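Q: Residue numbers (this note's numbering), protein chains in the order written: chain Z, 402 to 708; chain G, 1239 to 1665; chain V, 53 to 356.
Some hints here could point you the wrong way.
Said to hold, decoys possible - In silico DSS-like pairs for lysine-lysine, Cα to Cα no more than 27 Å straight-line: (1) V:K207 with G:K1505; (2) G:K1293 with Z:K490; (3) G:K1372 with G:K1652.
Honestly, the hints are just simulated from the structure, not real lab data. As the structure is a computational prediction, the values presented were derived from the model and not from experiment.
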Amino acid sequence: MITDIRPAPAPAAGPVSGPGRRRRVRPGRLGLHAFLMTVSLAFLAPLLLAVYASLRPYEETAKYGYFSFPRHLSFDYYRQAFTDSGMGKYFLNSILIAVPGVLLTLFLASFVAFSVTRLKMRGGLVLLMVFTAGNLLPQQVIVTPLYVLFTKIELPYWMSDSMTMYDSYWAVIAVQVAFQVGFCVFVLANFMRTLPIEIIEAAVVDGAGVWTRYWRVTLPLCRPALAALGTLQFTWMYNDFLWALVFISDGDKLPVTSALNNLRGQFFTDYNLLAAGSVLVALPTVLVFLLLQRHFIAGLTLGANKG
Amino acid sequence: MAQSSSGHRISRRTLLRGTAIGAGAVTLPAVLTACGGPGNEVKMGSNASDAVPRKAFAEVFAAYEKKSDKKVKVNTVNHEAFQEGINRYLKGTPDDVFMWFAGYRMQFFAEQGQLAEIGDLWKGFSGFSDALKKQSTGKDGKQYFVPYYYYPWAVFYRKSVFEQHGYEIPKTFDAFRALAKRMDKDGLDAIAFGDKDGWPAMGTFDYLNMRANGYDFHVSLMGGKESWTDPRVKHVFDLWRGLMPYHQQGANGRTWQEAAQSLAQKKSGMAVFGLPHPGQQFAAADREDLDFFPFPEIDSAYGQDAVEAPIDGFLLAKKSKRQKEGKELLKYLATPAAEEIYLKRDPNNIACNDKASASSYNALQKKAVELVSGAKQISQFMDRDTRPDFASQVMIRAIQQFINKPDDIDTLTKDIESQKKTIFADS
Amino acid sequence: MPLTTARRAKRRGPRRFTSRDLAVIGVLLGIPVLLDLALVWGPTLASIGLSFTSWDGIGDLHWVGFDNYRNLFTEYPPFWPAVRNNLLWVAFLGCVATPFGLLLAVLLDKGVRFSRFYQSTLYMPVVLSLAIVGFIAQLIFSRDQGALNAILGDKSHPVDWIGDPDLNIWMVLLAAAWRHTGYVMILYLAGLKSVDPSLKEAAAIDGASETQSFFRVVLPTLRPVNVIVGVITVIEALRAFDIVYAINHGRNGLELLSVLVTDNILGEASRIGFGSAIAVVLLTVSLGFIVTYLVQELRGEKKG
Chain Z
402 MITDIRPAPA PAAGPVSGPG RRRRVRPGRL GLHAFLMTVS LAFLAPLLLA
452 VYASLRPYEE TAKYGYFSFP RHLSFDYYRQ AFTDSGMGKY FLNSILIAVP
502 GVLLTLFLAS FVAFSVTRLK MRGGLVLLMV FTAGNLLPQQ VIVTPLYVLF
552 TKIELPYWMS DSMTMYDSYW AVIAVQVAFQ VGFCVFVLAN FMRTLPIEII
602 EAAVVDGAGV WTRYWRVTLP LCRPALAALG TLQFTWMYND FLWALVFISD
652 GDKLPVTSAL NNLRGQFFTD YNLLAAGSVL VALPTVLVFL LLQRHFIAGL
702 TLGANKG
Chain G
1239 MAQSSSGHRI SRRTLLRGTA IGAGAVTLPA VLTACGGPGN EVKMGSNASD
1289 AVPRKAFAEV FAAYEKKSDK KVKVNTVNHE AFQEGINRYL KGTPDDVFMW
1339 FAGYRMQFFA EQGQLAEIGD LWKGFSGFSD ALKKQSTGKD GKQYFVPYYY
1389 YPWAVFYRKS VFEQHGYEIP KTFDAFRALA KRMDKDGLDA IAFGDKDGWP
1439 AMGTFDYLNM RANGYDFHVS LMGGKESWTD PRVKHVFDLW RGLMPYHQQG
1489 ANGRTWQEAA QSLAQKKSGM AVFGLPHPGQ QFAAADREDL DFFPFPEIDS
1539 AYGQDAVEAP IDGFLLAKKS KRQKEGKELL KYLATPAAEE IYLKRDPNNI
1589 ACNDKASASS YNALQKKAVE LVSGAKQISQ FMDRDTRPDF ASQVMIRAIQ
1639 QFINKPDDID TLTKDIESQK KTIFADS
Chain V
53 MPLTTARRAK RRGPRRFTSR DLAVIGVLLG IPVLLDLALV WGPTLASIGL
103 SFTSWDGIGD LHWVGFDNYR NLFTEYPPFW PAVRNNLLWV AFLGCVATPF
153 GLLLAVLLDK GVRFSRFYQS TLYMPVVLSL AIVGFIAQLI FSRDQGALNA
203 ILGDKSHPVD WIGDPDLNIW MVLLAAAWRH TGYVMILYLA GLKSVDPSLK
253 EAAAIDGASE TQSFFRVVLP TLRPVNVIVG VITVIEALRA FDIVYAINHG
303 RNGLELLSVL VTDNILGEAS RIGFGSAIAV VLLTVSLGFI VTYLVQELRG
353 EKKG
């Protein structure tokens, strides 16, 4: 039986010297820290190199190479990246696409996963396979049929100034959601399979309808999975450049990833400027990660879930 | 009993409220633009996404607005993205006038009926050479394109390096090869070479082909009308193979920027580049030292007649509902004044209209004008002279393969020919 | 039928849905199904159909039967290298990156002191966008100016990490593993949080060492997460696109099926039929992997 109960913060891995306190540093622990620290630094090193490059002028790195001592450090590129590419407006566009996209995706996918695993439905497994298999193709494949489809769907002017679904945010959000729902259904279904059935059965006995069973009973138990998925989905939808590129032709509506492309010249790309721009662009995803992190971090959970 | 969860309470109400705000935020901009209305305006599709050209064009359009009392609404899309999406762009809702290139790449879309012909405008144009007019004409003999600026490809070098070692500008291919050998002995990389992006090496191929086999053969080869297994083509690869030992090694992993930087750092002697390429990689103080010479002659029958000079300009979309306004804008853009305003800000190109004043040009630009005006034929560069998928799918790979294995010419040309047949069969 | 419910529900009492329930299910299930069918499956099936045609996106559709496939297998030089690279990718991610992600998740799950810092740094590569990944690859692997060659220090014969078609795929796989590890780690962390610690305590009391308790107790209960991660690894490997595209557009040893699809479908002179044929090959390979894996898992579940 698997339950989401964590009565104590420390896992059962060796002697614990008191609740939450570690005064004695064991050699095993030290080795663990050393290993994790090495791996972390190795993972960070390329990023740090890129950030380092973003602080140096292009002339300097062209002359001395990227892996050299600095003669001139400044944040100029960050300012320039923000203004030159018009990042402010593109950030807004990205948020307009990513936030509704993530919320809709998680909401719909969790319900489908719930129906497939917890409601006795015929064809649940088939549905699961349909959703999963739909996610197998690379995005580029379905671009053309979708493009043709969207140019034919007409929308009233208040929804899209191009009068069709093409060149509107609706197209991008719809495609993002449709494309990611399959993946999320698959992940959430597998998580939900591990949840104890008794809780839901108890809710049924209490007369709870489908919505209550879903919203009040099942969903809170999926918090780690939802948080992990939320982070990943936000990262993907925010970083995606393909759907927006294909379905939006008005330069002003493009998301921030395209703003990054604007920093890239036809003939001359100032890579240090591009690095600064990339760091700026990456900030929201980092923020989302830091916010949601506590939901799947090892250690204390806020409040106990008793079954 | 039901679970109580702390920290995960998004009430239904907040969720609905959030979605409503989101939906409102999406539709609001659409409503606002609706209130603006079209009026007396022309839409311009621009691929000039980087800072310098974008600002320069902004000035040109501002000048037009002042002169004509109409508005120009510029839709800027990233350079590469614009090119990649051109198919969808033209089929969907293209802007009235948009930036594009001359040559096959333009004729391709003219053939598909996406472009409006502007022969009537051309009758009123003056200052464009015949070579330029030829590049602006579609396969049906009608004009579609308004040229704006172009830049030549040539062999670049640093004057100080040549002075230091006593090198002389080579006029023939043999002299070129001998010079490369000398540079090699002097410890330099004779020819800087970076083909990671696939297109830089095309310049060298184009020039070798035009010098050895003539401009007409080159155009016909690019148009898919000649066989790549023709001994003339193999001869070109052979000549190149003879030069390969003097090119920088590892070209497939090197960007052209790195190649240009090696020129700036005096580690290499020469490089085949277009006018805009090397300058940015030089420190501002060193740019004076940069110079170029035309690609040397191989066959005296063809001399140094042909110059590779890609032309950028404007097209009028057939689907546009503002043909008249579009044509007015095009007429303005063809004037020398319009070109001068742009080139004051952008030092990397030269004007197409020979009446445009060269007073704001730097030394390199002035030399470029001489080079191009003396050219008997102008080619556009491989990726504009042939089908774009042939250039990117087949030729880039083929050239990179050649760089890896310069000896295997027969297999290479056979592969290119068979792929060419598949691709050009579609056209 | 969901198997767990079938197994666990000892009583199969009449379970009626109220009309309100049905409405909720109808809407909330209907919308995603509709979206999925209309925007994913519909176009997928259309693409399969398109793979038998020759179309440039503007003109007319010509039916060409299996010509595209024949060209693909015999006349398209980048195809077989792309297949090889994709399969290499699956093997590398499956055997190196995913187990490493699992290891890191397990280590972090112990609740070490700086785990928040470790998690964040390990996840950072996942948030990077395409533009900067290409730049970072150049920073490190460039033959003339890269960090790796600067460290190795051989100025006369620098290794051409990106330009050498035999070497570059391995460098790219390293970069892919760099991103994949954090991704897998996150999923395993979420999964490990759901594991009942009393299980591990019981095993410890019974005298099992940590490794034993991990492999015998924790890993089996992580089975659903393993299914997820396994499928994800294969999908990501077969759909790999970003890194290779950012580095050199997928040429000279870095060919991948998804890049070939992009080149043919999203270019200027689009060969949509041909590109769709490549996509169908990709789909078939993916389906082959996934279906085999899932069938195995489900069969295993039924027994166990």
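Q: Would you mind marking each hint as holding or not holding in the structure?
A: Going through the hints against the structure:
{"no.": "1", "hint": "V:K207 with G:K1505", "result": "13 Å, holds"}
{"no.": "2", "hint": "G:K1293 with Z:K490", "result": "18 Å, holds"}
{"no.": "3", "hint": "G:K1372 with G:K1652", "result": "32 Å, violated"}
Violation of the numbered hints given earlier is confined to hint 3; every other hint is satisfied by the structure.
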